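Asker: Model the full structure from these sequences, guided by the hints.
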Amino acid sequence: MRAVTDNVFRALADPTRRGIFERLARDGEQTVHALTGRAGVSQPAVSKHLTVLKRAKLVRHRREGRETHYSAQPQALAPLVDWMSVYGAFWRDRFDQLENLLKRMDK
Amino acid sequence: MTETATTHTLVIEREMPHSPEKIWRALTEGQLIEEWLLKNDFKPVVGHRFQFRRTPMPNWNGIIECEVLEVEPTSRLSYGWGSMGLETVVAWTLTPTAGGTHLRMEQSGFPSEEGANFKGAKYGWRSFIDNLERLVGRLN
Numbered sequence: 385m386r387a388v389t390d391n392v393f394r395a396l397a398d399p400t401r402r403g404i405f406e407r408l409a410r411d412g413e414q415t416v417h418a419l420t421g422r423a424g425v426s427q428p429a430v431s432k433h434l435t436v437l438k439r440a441k442l443v444r445h446r447r448e449g450r451e452t453h454y455s456a457q458p459q460a461l462a463p464l465v466d467w468m469s470v471y472g473a474f475w476r477d478r479f480d481q482l483e484n485l486l487k488r489m490d491k
Numbered sequence: 306m307t308e309t310a311t312t313h314t315l316v317i318e319r320e321m322p323h324s325p326e327k328i329w330r331a332l333t334e335g336q337l338i339e340e341w342l343l344k345n346d347f348k349p350v351v352g353h354r355f356q357f358r359r360t361p362m363p364n365w366n367g368i369i370e371c372e373v374l375e376v377e378p379t380s381r382l383s384y385g386w387g388s389m390g391l392e393t394v395v396a397w398t399l400t401p402t403a404g405g406t407h408l409r410m411e412q413s414g415f416p417s418e419e420g421a422n423f424k425g426a427k428y429g430w431r432s433f434i435d436n437l438e439r440l441v442g443r444l445n
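In order, the protein sequences belong to chains A and B. Residues 385 to 491 in my numbering are what the first sequence lists, from first letter to last. Residues 306 to 445 in my numbering are what the second sequence lists, from first letter to last.
Zero decoy hints are in this set.
Just the calculated beta-carbon pair ranges, DEER-fashion:
id: 1; chain 1: B; residue 1: Glu326; chain 2: A; residue 2: Arg394; range: 40 to 46 angstroms
id: 2; chain 1: A; residue 1: Ala418; chain 2: B; residue 2: Thr312; range: 22 to 28 angstroms
id: 3; chain 1: A; residue 1: Arg447; chain 2: B; residue 2: Arg358; range: 45 to 51 angstroms
id: 4; chain 1: B; residue 1: Val350; chain 2: A; residue 2: Arg394; range: 28 to 34 angstroms
id: 5; chain 1: B; residue 1: Val351; chain 2: A; residue 2: Asp411; range: 37 to 43 angstroms
id: 6; chain 1: A; residue 1: Arg444; chain 2: B; residue 2: Val316; range: 30 to 36 angstroms
List of simulated lysine to any residue pairs, SDA-like, C-alpha gap at most 25 angstroms:
id: 7; chain 1: A; residue 1: Lys487; chain 2: B; residue 2: Lys327
id: 8; chain 1: A; residue 1: Lys487; chain 2: B; residue 2: Arg319
id: 9; chain 1: B; residue 1: Lys348; chain 2: A; residue 2: Arg476
id: 10; chain 1: A; residue 1: Lys487; chain 2: B; residue 2: Ser380
id: 11; chain 1: A; residue 1: Lys441; chain 2: A; residue 2: Thr420
id: 12; chain 1: B; residue 1: Lys327; chain 2: A; residue 2: Glu483
id: 13; chain 1: B; residue 1: Lys348; chain 2: B; residue 2: Ser413
id: 14; chain 1: A; residue 1: Lys441; chain 2: A; residue 2: Met468
id: 15; chain 1: B; residue 1: Lys327; chain 2: B; residue 2: Thr379
Note that these hints are calculated values from the structure, not bench results. Source: prediction; values computed, not measured. Even for Gly, the Cβ is constructed at its ideal location relative to N, Cα and C.
Answerer: Here is the structure:
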């Protein structure tokens, strides 16, 4: 599972990939061609970004004739949000420890 | 949890019956930080790169890569917090109150989720969440 999470974080660390993912999530399925028109980078670059997104399971593709259609898989973002709840628990616990320390510092 | 266009921020606030000066020490002196947070080589100097260290575990060296971003003694402290490919910023704000200090911690930069069907898909990640919960348990 750690590898999956790493892939998700890495995939979204790049602003162009984030842009591609967000566009697919917002506007629905699109071809590489359509994405290239709006991403501001070359078609091979977009294809490369899509490969990284696919590895993270953030996008899915299907072939139709000569075109490949890509769609977003937003459920793959789950670990990121869960990560936040983990940090929430982590910091609350650390706040408790900080308060204990502050009490000890009085003495 | 607050929300902007592209990221989420985690906010934790607490009133503490202690002076900002004292809390500042606990936030900025390496030995004291270790007592409540993690082993570290922190220095309250903007631009200083440092690490928080936890016990390593399989697939993770236990290191959090950080850089001091803001130091305003007794009022504000922030540092970049990079771990497992996730880059966030942790910011502390201390505000004096009648009974002590209002302490606010903001961790910002969590990627946001997009897409309407997101919430219903959480169940498939049960085992992942369980793993994380175990991980958190081991942080203590």
